[in-house]
Amino acid sequence: MFLLRDLVSPRTWLAMISHLAGLFLGIAIMVVVVTGLSLGFSLLVLALTGLPILGLTLRAATWCAAAERARLDMMLGVQIPAWPADARAGYRWGIVPRWRMLTERATWGELGYGLLRLPFSAIAVTLSVAAWAAGLVALTLPLYNSLLPSGGAKVGDFVLGGTPRMTASAVIGLLVLLAAPQLTRGLASADAALSRRLLGPRRDLAARVTELEISRERVVDAAETERRRIERDLHDGAQQRLVALAMDLGRAKARFADDLDAAAGLVDQAHAQAKEALVELRNLVRGVHPPVLTERGLDAALSGLAALCPVPVEVHVDVPVRPKSSVEAVAYFMVAEALTNVAKHSRASHAKVVVEGHGYPGMLTVMISDDGIGGADVHSPGLSGLADRVSGVDGRLSVESPSGGPTIIAAELPCG
Amino acid sequence: MRVVIAEDSVLLREGLTRLLTEAGHEVAAAEGDAEKFLRAVAAHTPDAVVVDVRMPPTFTDEGLRAALMVRDQWPDTGVLVLSQWVEERYATELISGRPHGVGYLLKDRVADVAEFLDALHRVATGGSALDPEVVAQLLARSRHPLGELTPREREVLALMAEGRSNSAIAAALVVGGGAVEKHINNIFTKLGLAPGDRDHRRVLAVLRYLGT
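Residue numbers (our numbering), protein chains in the order written: chain A, 1 to 416; chain B, 1 to 212.
Hint data in this document are derived by calculation from the structure and do not stem from the laboratory.
All clues given are correct.
Derived SDA-like pairs: lysine to any residue, alpha-carbon spacing no greater than 20 Å straight-line:
1. A:K275 / B:A172
2. A:K154 / A:R165
3. A:K324 / A:R296
4. A:K352 / A:V399
5. A:K275 / B:Q84
6. A:K275 / B:R109
7. A:K275 / B:A136
8. A:K275 / B:V110
9. A:K275 / B:V113
10. A:K344 / A:I408
11. A:K352 / A:A410
12. A:K352 / B:A136
13. A:K275 / B:L19
14. A:K275 / B:E115
15. A:K352 / B:S142
16. B:K182 / B:R154
17. A:K275 / B:L117
18. A:K352 / A:D371
19. A:K275 / B:W85
Just chain A, same shape as in the assembly (with noise of 0.2 Å):
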């Protein structure tokens, strides 16, 4: 069906209309281009009156690239980002190019754009038009062969005639009108990409700026989040525990004169609280970066996290190369924050951690699931800074979590 739709179809016909005004403008510019380049370079030994035309002969490639930018807007819908003014090494006095253009890739794009675009097109319009004028003429023939002068159509000196042979012109001539928009599409998007090649900076280049800009801002958040996260369990934690012990021990010393036996129960007391701070900051230090992990990989370091994990956790890890020291760490804080989740809201009974490497550089995979009662909220800081580290190395990250469980939480982080 939308093979006949598409011979009527708008975007059919404004591709032909494009690959039309491409012929005339390409005649244009290649006009413009050749002569002036010519011209430029033959005068430059003249002493360098060639430089001004040289420079007229970019400025007016750029001018004719962004015709052709406007052209494939309207006709194609394809937008291409002109390359930033600023950005361009530019003219002294308005007309002598800087030395610096030469090295740009966006003047080489334009003048070979300029030189492209006349024979692109020509091939384009002589393609499409031969197209439907064959499948038309071929489709038709049926209705006025036996008009014609000489009794039919003639192929060498061969006439053609009869049912079957008229049948069959007609087939293959609607075939080849039917595929005769796909074509003339075809030809267009080949167009538009060309296009954006030579004349755009590159799109995916572009966006991948953009999104590392936002990504390194989120890193940045994420660092600083847990410097914080770090800074409050210290002061909550061990600092609180040290202060204790100290009292204590003030408080023994003070006793041993008159009552040994009380101060032999605060020794006792500090004893146990050294102990505590001991436990409290080698957890701390197991959730930010143990040494196992630089050392012996993920699949050691994971061991650490199941055993801390209030939560029976199973631990699969197949990963054949190790991935580069950033991703692990990733992987690891990962699994790290997960296990803290199912450990303080899932009411989970089981976990399961599966991490996994595909192909080399490749991807690692990891995914914590529980059987708990679900309902994470993926905008809660814990989640939420994940997300922000998983960002930084170009993974993507997946939560699921519907009340009433259960919650999977998965990454996929390039290795490469």
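Fit chain B to the known structure of chain A by using the hints.
Relative to the frame of chain A, chain B by itself:
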């Protein structure tokens, strides 16, 4: 007994030396890096060594590597590795070559002097001493499901894996020796291990079962 210490922190090195001397042991040498430590072991052939995992120059696992060398070259010397963090994976590396006469404990455990000295004694006499935290990791990462064990049996299994004797297990759980033996028999039956051994081979069987 004669002990050689490898510990780069001066504070802890002095502390350990004093602690062991006060307990009546002879500290033949106390060194700050792996190389000097190995030379001291060769010179003194001590009954036991106490080694910190992290030492100069790289501060990663050179202490562990030195401990492995002592374990392989001086089979009669007990090796007790101390660390700020204990990891199941390091324990596995330490145990895999020789499951007796080795120990791996958190530095914190030194604070409980009597228990620490007991662990050192076990290691020097061919027993073993694994930190409860390592055992917790081993249980968490066990190759086999332990769901059939009762909570009490899991406790007994953990204490066995730490390298404790029946009487020590009984004391830790505040039960009689007979009860401990009954638990141990149950555990061996449920896990399908050959029953009976009272000596160090029992620890080995348990650790093998857990997947080291």
